[in-house]
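A.B. asks: Can you make the complete structure from the sequences, with help from the hints?
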Amino acid sequence: MLTPRRRVRTVNDLPLAELYGARLDGQVFQVADSWCVIDEIDGCDTRAIAASQLVPPRAIAEQLTAAWIYGLAPEPRRHQFCVLIGARTTALWSPRARVREIVRSPDDVQTISGVRVTTPLRTAVDLARYTPTSTTTPTSTLTSTSTPTSTSTPALTALLARLLHYGDYRDITAAVCLCQRGSPAHSALAIARFAAVTAPLDTLHQQNAAAARAATVG
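Just so we're aligned: the sequence shown equals residues 676 to 893 in the working numbering.
Note that these hints are calculated values from the structure, not bench results.
Please read these numbers as outputs of a predicted model, since none were measured by experiment.
A virtual CB, placed ideally from N, CA and C, is assigned to each residue, including glycine.
Please note: incorrect hints may appear among the correct ones.
What follows is a set of in silico ranges between Cβ atoms, one per label pair, in the way DEER data are often shown [as the list claims (entries may be wrong)]:
1) Ile760 to Gly842: 22 to 28 Å
2) Ser858 to Pro749: 27 to 33 Å
3) Thr808 to Val712: 40 to 46 Å
4) Leu759 to Ala860: 21 to 27 Å
5) Gln705 to Gly761: 32 to 38 Å
6) Gly696 to Ala860: 46 to 52 Å
C.D. replies: Laid out in structure tokens, this is it:
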């Protein structure tokens, strides 16, 4: 059986024209800048491996890229990665990725099919801290799966709730504690954003409990 890594194809394996032809024939589907055989599951493993093809091996998938890998957000137009300060590598293998240097604790990162990805909690905190504030994007144009662009949109709040729920956090306590370990300016913004997460997070837990009860009865 082929491993997920071997089932991800790039232009290093086949010419681009041949890959596009295979997609038109229904033999492969595109994930980031990679292609997977059609019977491969489009899951966390496949997305993590596809994302890793965009950057050097030391890079850690973060923010919207990490949320996408977890299946909680659409694929971003430009993927987001970080490397540890001192890693001395911010080289890009694709214009669709950006890499920043940052400090990370081992607890902030987990490995998916050999690819390093920030944990759901770390991902949520980073998004709460660094998602730009915008006053030009109408709230009505965003859905729960839109890329979050402002503090006032429900999209960011919904994504933060999904990340905490995915990480099995019952409330925002752990997120707020992690926020407080960062710079005061970013921490204040992030904590304010998490203040709106309690209600949607409770709703997700209630829906999960209801689904579990229904499955038991059934």
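A.B. asks: Next, verify each hint and record whether it holds.
C.D. replies: Results for each hint:
no.	hint	result
1	Ile760 to Gly842: 22 to 28 Å	holds, 25 Å
2	Ser858 to Pro749: 27 to 33 Å	holds, 29 Å
3	Thr808 to Val712: 40 to 46 Å	holds, 42 Å
4	Leu759 to Ala860: 21 to 27 Å	holds, 22 Å
5	Gln705 to Gly761: 32 to 38 Å	holds, 35 Å
6	Gly696 to Ala860: 46 to 52 Å	holds, 51 Å
This entry satisfies every hint, going by the numbered hints stated previously.
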